[in-house]
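Undergrad: One-letter residues, chain by chain:
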Amino acid sequence: MSSTRAAPAPPSRRPAPERGRPGAHDRRLTWRNRLYRFDMRYMPYLMIAPFFLLFIVFGLFPLLFNAVVSLRNYRLDDPTLPYWAGFENFSRLVADEDFWNALYNTFGIFLLSTVPQLLLALLVASLLNRQLRAQTWWRVGVLLPYVTPIVASTMVFSVFFSRDFGMANWVLGLLGIGGADDPIDWRADKLHAWIAIATMVNWKWIGYNALLYLAAMQSIPRDVYEAAAIDGAGQWKQLWRITVPMIQPVVLFTVILSTIGGLQLFTEPMLFDPNAQAATGGPNGEWQTIAQLIYKVGWKDLNLGYAAAMSWALFLIILVVAGVNYLLTNRLSGGRK
Amino acid sequence: MTALASRPSAPPARRKRRAMARAPQETPAGLWTYLLLAVSMLFAAFPLYWMFVIATSNDEALAKLPPAIVPGDRFLTNVDEVFSLQDVYFAASLVNSVIVSTVVTASVLFFCSLAGFAFAKLRFKGSNALMLFVVLTLTVPNQLGIVALYIVMGKLGWNGTLLAVIAPGLVTAFGVFYMRQFIVNTVPDELVESARVDGATTMRVYGTIVLPAIRPALAVLGLLTFVATWNDFQWPLITLSGTDFPTSMVAVSDLASGNYVIYRRVLAGAFIATIPLLLMLFIGGRQIVRGIMEGAVKS
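Quick mapping for you: the protein sequence lines, in order, are chains A and B.
Position 244 (the first sequence) corresponds to 244 in this note's numbering; numbering is contiguous.
Position 279 (the second sequence) corresponds to 279 in this note's numbering; numbering is contiguous.
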């Protein structure tokens, strides 16, 4: 917050050389006065109004209206049902195997993507945190995945992870895993599908997170490192004992960000499926996430009421998980006040 | 960044002895650092390169081992096929994406810088509380209201039109927040005050003092907004799929639907839809990097 703000200048301080002639100029002055007062008092509100208007109409209202819809029978294909459904949608949710399966998948993919993603980002950041030649180009380079549309990269990875001629199986075959005789079918079971999808998520976000960490690393005062060097701490030890605790606020921030993003994962699981339009996430829902299930229930089964109930459930889950992650990370990265 | 580069480096003999005492950011990178960074770059760039390889190949390139690794000569053929597919509207989708991204970006820049200026330099009742509200909205995943948003758009009659994709993005909380931070730090209070004394209106101050000072921030916010809008998929899919007005992301996903997917077409389409963003990274990479890093320190 800025402590000193421009004080409004009283209008009388404006030079008024024509004061000699009263009458017409008095009227003009009051008109100007009024304009000035309006400008001072109400203009700021006008300037911030677009954000608030837009947020209320397209952000806040839908979020609240979602609660109403979740208590209603809202089927696009059957408007004859009674208006209110009570808690029917929610009681159905609790017993819905698809929902629990999607929740399980979402968490599985989330764990496989968040943990390696943030650790690798930390490593890339510590590589970038040196005096480098062509420094800007290295930084721009790690952002290649960040600007690539997820739709486009998912298509590429989809081919990478094909069973018979996929790049992933070929490379693993060279390492003696799977191989041409016994290739891994990445879409046949949960774990392999999760790994494939988590790989896409990791690829996309490592560079972005690395830059966030790098920014924080560069603001660590250098005498902290000097003290550590005198104590005889090596580079690796410095990274974990000094750098990570010092950038802890940013680590927390990225954990929250990837929680919010990870639990809403949609595009990757959608397009990993050769039959994407069905939104089932594999023949038996092997990798169907909650966001994907919401899409299927709402726009394929045309049951918006039930989809709204699922959205609320997801909202609560995100709140809880973000909270738990916050506490966990706070502990692990040695949060001291 | 520049401060680091201009700092004189220690003479070689001292460098080795004192390596441990230096902060990492002041230690010159060694061979291993460059090597590991090069490997990271390879991982970052390879999927993009390979997208191009398949986009230029025939169907056989995807059915052989070891996998194809050199671009073919069929790029134009594949592109031509993508553009002539009937139900995909690929050419129209590129135009739509340009329209949506440009309108959203221009609007975000204008409204967010106005609001940011108001929060940073103007006095009005409740400004602190309102700013706090803006920051709080940053944490609300608005994707969760997507069902109700669809119903709202239906009531407005906007579903299936570009308006449904454009309207929700016209002003963003992040943009307001980012602009406010930048203006607080770069526009001197005295300058605003003296313009006031001269009788300048708020909008005049915005046009003559604020706008010229925040050009770098406009570049950063503009690039980030354009990239995010161009890449958006879930909401455009919900509101636009099945219409004649898809965005390019929806069109690419349409290329991959159906019983028999021809991947050289899909990846040719995907590659074309990626080119504008690669160009932006190439031209404005420095700004994008700065935007992300500044955001990190301030949040």
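I should point out that these hints are in silico values taken from the structure, not numbers from a laboratory.
We treat Cβ as the ideally placed atom computed from N, Cα and C, and that holds for glycine.
Any given hint could be a false lead.
[To be verified] The following label-pair restraints were derived from C-beta to C-beta distances:
(1) A:V115 <-> B:G242: 37 to 45 Å
(2) A:R331 <-> B:V197: 27 to 35 Å
(3) B:L42 <-> A:P245: 29 to 37 Å
(4) B:P71 <-> A:R331: 45 to 53 Å
(5) B:N185 <-> A:R222: 18 to 26 Å
(6) A:R163 <-> B:W158: 41 to 49 Å
(7) B:D80 <-> A:R163: 27 to 35 Å
(8) B:A63 <-> A:Y326: 22 to 30 Å
(9) B:G242 <-> A:I177: 39 to 47 Å
Undergrad: It remains to establish, for every hint, whether it holds in the given structure.
TA: Cross-check of the supplied hints:
1. For V115 (chain A) and G242 (chain B), the hinted distance range of 37 to 45 Å is satisfied, since their beta carbons lie about 38 Å from each other.
2. In this structure, R331 (chain A) and V197 (chain B) break the distance hint of 27 to 35 Å, their C-beta atoms being roughly 54 Å apart.
3. Evaluation of the 29 to 37 Å hint for L42 (chain B) and P245 (chain A) yields a pass: the beta carbon distance comes to about 31 Å.
4. The supplied range of 45 to 53 Å is met by P71 (chain B) and R331 (chain A), whose beta-carbon atoms lie about 50 Å from each other.
5. As the Cβ distance of N185 (chain B) to R222 (chain A) is approximately 23 Å, the hint placing it in 18 to 26 Å holds.
6. Checked against the hint of 41 to 49 Å, the pair R163 (chain A) and W158 (chain B) passes, with Cβ atoms roughly 42 Å apart.
7. Separated by about 30 Å at the C-beta atoms, D80 (chain B) and R163 (chain A) satisfy the suggested range of 27 to 35 Å.
8. As the Cβ distance of A63 (chain B) to Y326 (chain A) is approximately 48 Å, the hint placing it in 22 to 30 Å is violated.
9. As the Cβ distance of G242 (chain B) to I177 (chain A) is approximately 42 Å, the hint placing it in 39 to 47 Å holds.
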